[in-house]
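As a plain string of letters, each chain reads:
Number of protein chains: 2
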Amino acid sequence: MGIDVQLVGLGLIGGSLGLALRDSPLVGRIMITDHAEECLKKAIEIGAGDEIVSLREGASRAGVIFLCSPPGSFASIVTEIGPVLRPGTIVTDVGSTKLAVMQALSGLPAGVWKIGGHPMAGAETRGIGGADRYLFENAMYILCPAAGTSEEVVDLLAIILASTGARIQVMAADVHDRLVAAISHLPHLAAASLVNLAGRDPAQLMLAAGGFRDTTRIASSNPELWEDILFSNREPLLDMLEIYLQELNHLKKALERENRLAVNQILSSAKRIRDSIPGRQRGLVPGFADLVCIVPDQPGIIGRLGAILGEEGINIVDIEILRVREGDGGTIRLGVPTLVDAERAVIILQTHAIKAWVK
Amino acid sequence: MGIDVQLVGLGLIGGSLGLALRDSPLVGRIMITDHAEECLKKAIEIGAGDEIVSLREGASRAGVIFLCSPPGSFASIVTEIGPVLRPGTIVTDVGSTKLAVMQALSGLPAGVWKIGGHPMAGAETRGIGGADRYLFENAMYILCPAAGTSEEVVDLLAIILASTGARIQVMAADVHDRLVAAISHLPHLAAASLVNLAGRDPAQLMLAAGGFRDTTRIASSNPELWEDILFSNREPLLDMLEIYLQELNHLKKALERENRLAVNQILSSAKRIRDSIPGRQRGLVPGFADLVCIVPDQPGIIGRLGAILGEEGINIVDIEILRVREGDGGTIRLGVPTLVDAERAVIILQTHAIKAWVK
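Listed in order, the protein sequences are those of chains A and B. Quick note on the working numbering: the first sequence kicks off at 1271 and runs consecutively. Quick note on the working numbering: the second sequence kicks off at 1271 and runs consecutively.
No lab work stands behind these hints, which were simulated from the structure alone.
Note: identical chains are not told apart, hence a pair may lie in one copy or across any two.
Listed next, the in silico BS3-like pairs over lysine-lysine satisfying Cα-Cα at most 27 angstroms (straight line):
1) K1523 - K1541
2) K1541 - K1629
3) K1311 - K1625
4) K1311 - K1629
5) K1312 - K1629
Next comes chain A alone, as it looks inside the complex:
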């Protein structure tokens, strides 16, 4: 049996959610709804849904409705499904800002639970073709219940979402929007501006080093998607931008006045804060230890590294090529679950004549 769910909008997020929810023991049938027939067909094909339904039919039967279409569509969806929803139905979404969504959902009848949702799984691809059962694994997934939502209902949605592997956090919609303005939307503006400045001189781009590419990676995101996200969170974002300009002006003054102490304090504070961010991947990934090794220029060296450590029962949970050479190999950082693993790995690699050290 289980709770029947409806997914509205079968893109990357909807499709991935369908695949993950299939593994939830609480979920019954997965009904899917979309304007695009090919997305629905594909979703059925990959197992992201059991049954294609109209918006109204699904809404009348579902215990939980996930709105995975663009937030601009929510007002008309609310109008259409409002009359057919049963009391106790949970309506949630997957958009990246929450206050505007909660306003749209407030048009739903009383007795329907409105819980905004934001899975923080930035993906490289779009569309059902990129659907990934593990998209949300270890990602933060924020829930923003409307005022008056009972705690048990929020817990139920959190338990249903457990099969996604996401880490659920509950907070108010306005708090959420300020947080993402600071750690996601503002960094976008900062990166775009750095790139546009560098683009004023082609010679600058030629030198663009690893550090610059890291800092500005998010500037390569889809402009239309981000235009929507930024405007959906315009006011908190403007607040953060104002604070950012203050921080930069503070730095500028310190440089102008040759106040080395102030600059050092700013850099030291940033290092302390940055180093305190848990995990390396998305927030709250369990900590792991790093080792660095220098591998000779041999074909298949990455496979060999993995095989050597795999044989000894050491799992590589992260890998980064710090310096790449023309062929294969270079200097590689490996993440392993614990410091003990890292120390063992160093010894094991050394017996294979691979120089390695714990970072």
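Let chain A serve as the given structure and place chain B on it in line with the hints.
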């Protein structure tokens, strides 16, 4: 025979340079000089130098002198070695800004060639312990000859440096300093300010996602080192900071006025420019193709991936874990040399039941 070189300062850069220069057919003896005896011992031990010499003795014998000590030491080094240098000796350095260095080197006698150098190999470690023969491989290495330096002399230094695998670029010191202000020093200020802003609220850090960590990675660098770098390039940096503030204010106005077109243009321009930066690692690495694969949660999966492709003669030149799960595996991006390799890899992985696609 060959040209004898002297390395002054045996830290990460000096040690790595010694290891790489050993493979140059043009280089004769590698003389090393440092205040710290343990660094010299370690350098000899790892093969980064042949002979420990005093500053003056080395300078009187060397054909090329690499100053790898902090730029603050150059004035006194210049005074000490000036009288013993033979005409035609090349004196170069490895500091990250060049105009101030060229001023310090201008104190050397006429007849000595002064060529500022900047290997753009940001390393995670410091000290001779991290010395890496491949540190400079594929990195940009800028040379800034003093006015009047003959082209043949610059070419000679470039040929000597060929064994490092670095990509040599020649430019004027003031041009260099503006370029690094834009693509290295300003991004540091931008990242530090983003982190300090996020640090105002611990809840923000808890959510700090992959994008935020990428954007702010450089904020984890050594504050003392960067204080020195920023102040050594203070004026070009202040110019760039001013332009950056203008760019951000332009964005702010567009957001305030709800000018979606202007915001979209800023984001689109940034995407176009960012996407045009060659390579993925440091500047000018030859382009390669990416594929993405989803791997099941099995121990040793990274080794298996590498082994499968290695057997088929496909070299993995880059690897990035896009999403990591508790165990081993997840969604992985692989860089391979060509698009043909990527397409072959996808087919090969699919025969091993590993879902993959070209990115």
